[in-house]
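Novice: Quick mapping for you: the protein sequence lines, in order, are chains A and B. Here the working numbering is used: the first residue of the first sequence is 19, the next is one more, and so on. Here the working numbering is used: the first residue of the second sequence is 2, the next is one more, and so on.
A couple of the hints might just be wrong.
[Unchecked claim] Derived SDA-like pairs (lysine to any residue); straight-line CA-CA distance at most 20 Å: (1) A:Lys227 with B:Ser41; (2) A:Lys227 with B:Gln78; (3) A:Lys227 with B:Ile62; (4) A:Lys41 with A:Ala51; (5) A:Lys323 with A:Ser79; (6) A:Lys227 with B:Asn75.
[Stated by the list, open to error] Computed Cβ-Cβ distance ranges for the label pairs, DEER-style: (7) A:Phe99 with B:Ile16: 53 to 61 Å; (8) B:Ser101 with A:Gly178: 49 to 57 Å; (9) A:Leu167 with B:Asn103: 42 to 50 Å; (10) B:Gln32 with A:Val193: 45 to 53 Å; (11) B:Ala39 with A:Leu127: 49 to 57 Å; (12) B:Met85 with A:Gly276: 56 to 64 Å; (13) A:Arg97 with B:Ala29: 57 to 65 Å; (14) A:Asp254 with B:Ala3: 27 to 35 Å; (15) A:Glu201 with B:Ile89: 48 to 56 Å; (16) A:Met231 with B:Ala29: 41 to 49 Å.
Simulated from the structure, these hints should not be mistaken for laboratory data. Values in this document were obtained by computation on a predicted structure and should not be read as measured data. Note that beta-carbon positions come from the ideal geometry of N, C-alpha and C, so glycine has one too.
Take a look at the letters that make up each chain.
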Amino acid sequence: MSTILPVIQPGAQACTDIDFDEKLAAYGMELRASRVDTLQINVGKLCNQVCKHCHVDAGPSRPEIMTRETVEQVLDAIRNFRISTVDITGGAPELNPSFRYLASQSRSLGCQVIVRHNLTVMFQPGQDDLPQFFRNHTIEVVSSLPYFLEQQTDAQRGRGVFEKSIAALRRLNAVGYGVENSELILNLVYNPVGAFLPPPQQSIEADFKRELMNRYGISFNRLFTITNMPIRRFLDYLRRSGNEERYMRKLIEAFNPGTLDGLMCRNLVSVDWTGKLYDCDFNQMLDLPVAPELPQTIAEFSPEKFAGRRITTGSHCFGCTAGVGSSCGGAVATE
Amino acid sequence: MAYYEEDDLQRFAEIGKHRPDLFEKFMAWYQACQEEGALSRREKALIGLAVAHALQCPYCIDAFSQSCLEAGSNMDQMTEAIHMSSAIRGGAALIHGLQSHNSVNKVSM
Numbered sequence: 019m020s021t022i023l024p025v026i027q028p029g030a031q032a033c034t035d036i037d038f039d040e041k042l043a044a045y046g047m048e049l050r051a052s053r054v055d056t057l058q059i060n061v062g063k064l065c066n067q068v069c070k071h072c073h074v075d076a077g078p079s080r081p082e083i084m085t086r087e088t089v090e091q092v093l094d095a096i097r098n099f100r101i102s103t104v105d106i107t108g109g110a111p112e113l114n115p116s117f118r119y120l121a122s123q124s125r126s127l128g129c130q131v132i133v134r135h136n137l138t139v140m141f142q143p144g145q146d147d148l149p150q151f152f153r154n155h156t157i158e159v160v161s162s163l164p165y166f167l168e169q170q171t172d173a174q175r176g177r178g179v180f181e182k183s184i185a186a187l188r189r190l191n192a193v194g195y196g197v198e199n200s201e202l203i204l205n206l207v208y209n210p211v212g213a214f215l216p217p218p219q220q221s222i223e224a225d226f227k228r229e230l231m232n233r234y235g236i237s238f239n240r241l242f243t244i245t246n247m248p249i250r251r252f253l254d255y256l257r258r259s260g261n262e263e264r265y266m267r268k269l270i271e272a273f274n275p276g277t278l279d280g281l282m283c284r285n286l287v288s289v290d291w292t293g294k295l296y297d298c299d300f301n302q303m304l305d306l307p308v309a310p311e312l313p314q315t316i317a318e319f320s321p322e323k324f325a326g327r328r329i330t331t332g333s334h335c336f337g338c339t340a341g342v343g344s345s346c347g348g349a350v351a352t353e
Numbered sequence: 002m003a004y005y006e007e008d009d010l011q012r013f014a015e016i017g018k019h020r021p022d023l024f025e026k027f028m029a030w031y032q033a034c035q036e037e038g039a040l041s042r043r044e045k046a047l048i049g050l051a052v053a054h055a056l057q058c059p060y061c062i063d064a065f066s067q068s069c070l071e072a073g074s075n076m077d078q079m080t081e082a083i084h085m086s087s088a089i090r091g092g093a094a095l096i097h098g099l100q101s102h103n104s105v106n107k108v109s110m
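Taking the hints into account, I'd like the entire structure generated from these sequences.
Specialist: Take a look at the structure:
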């Protein structure tokens with residue numbers, strides 16, 4: 019567990035080139051999947067925003083986008099193997115022309131569908147009815163809002179993003195998302211605006227609920243705290259700002275073996291825009307595919323082969339195991 | 002050689018090379034103080050930041066600035082804590098003006 023007073027760490031001087039698997043081995047552990055209940059589909063890197071911490075390096079000029087043919091392969095896998103949860107991400111996944119087809123078909127197949135929705139995309143041409151689309155298909159919405167103040171949010175996600183995000187949240191509330199006694203779930207994501215670890219999820223969630231309601235009349239269900247991963251754009255920031263070694267040391271020192279059971283890679287498989295398979299979205303962006311003995315594409319996927327598999331790891335895995343841990347669903351261990 | 006080196010933050014435990022028994026006692030006390038109790042983790046970090054400024058310790062200022070962020074404080078809250086610390090320091094200096102007044106009064110007609 020990390021200390022709140024990092025000046026004094028007995029036996030500190032942590033080396034920043036520690037191998038993640040060796041660290042686990044020191045605890046007599048290894049990282050293996052349990053069973054696959056979630057397919058996380060990255061439908062492309064196209065995005066209307068250019069966030070400074072984005073591990074995907076997504077933006078308006080990225081051409082990578084999942085084709086309808088690959089979407090059909092994903093749907094075949096969902097249908098054939100009764101996948102319970104489909105988690106759709108990007109980029110801004112809504113900018114993929116097949117997004118609504120994938121989401122609605124997945125719902126028709128009985129899946130819980132989660133969309134990683136950046137809020138501002140609903141103000142892009144042709145996206146105005148997104149709140150109604152989400153509502154009509156009872157899609158769970160997870161949206162990044164790094165802070166309840168404009169300065170921090172715009173510093174991470176771009177100028178003007180906070181104002182649009184607040185307008186978007188009001189629209190989601192208006193159709194029934196994140197409001198009391200509604201089945202429409204609206205969860206928010208907190209990412210640190212810089213090279214530090216997230217605060218305890220419960221306490222920052224209480225702050226967000228109080229401040230967003232008092233300042234803007236906005237409500238939501240839960241706040242997930244997610245650690246910034248030293249990958250792509252955030253890694254570039256760490257290097258440019260001279261924070262890489264210090265941040266990696268912080269992650270390694272905060273390693274918590276109690277997070278292992280709750281890591282998202284243990285029960286999901288990540289699919290990229292071409293249909294290739296990975297253990298998580300972070301491995302996808304690092305081009306670290308699933309273990310070579312496994313099927314490599316969604317067309318060959320079967321959950322039996324992936325249950326109990328060895329997870330491909332790297333130093334970035336320390337990001338998910340630091341402190342109370344981090345996953346697409348927020349913290350994975352208790353304080 | 003500079004008197005303060007950023008990397009020395011990570012070398013604190015080297016103090017324990019001599020009289021490790023004393024360092025261990027200090028560490029036990031120090032760690033116990035930071036446990037969440039009647040005060041929250043965030044409150045303790047803000048107290049640490051305020052005291053760090055009163056002491057003007059660059060190691061502590063660096064460390065508690067990080068701690069405050071990781072406990073969920075924002076810059077407005079942290080700056081208020083720094084002003085509290087500075088205001089008390091200023092007030093503590095100013096109240097001593099009475100010592101000066103007293104001294105002057107004693108020798109004045």
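Novice: Out of the numbered hints, which ones does the structure contradict?
Specialist: 3, 5, 12
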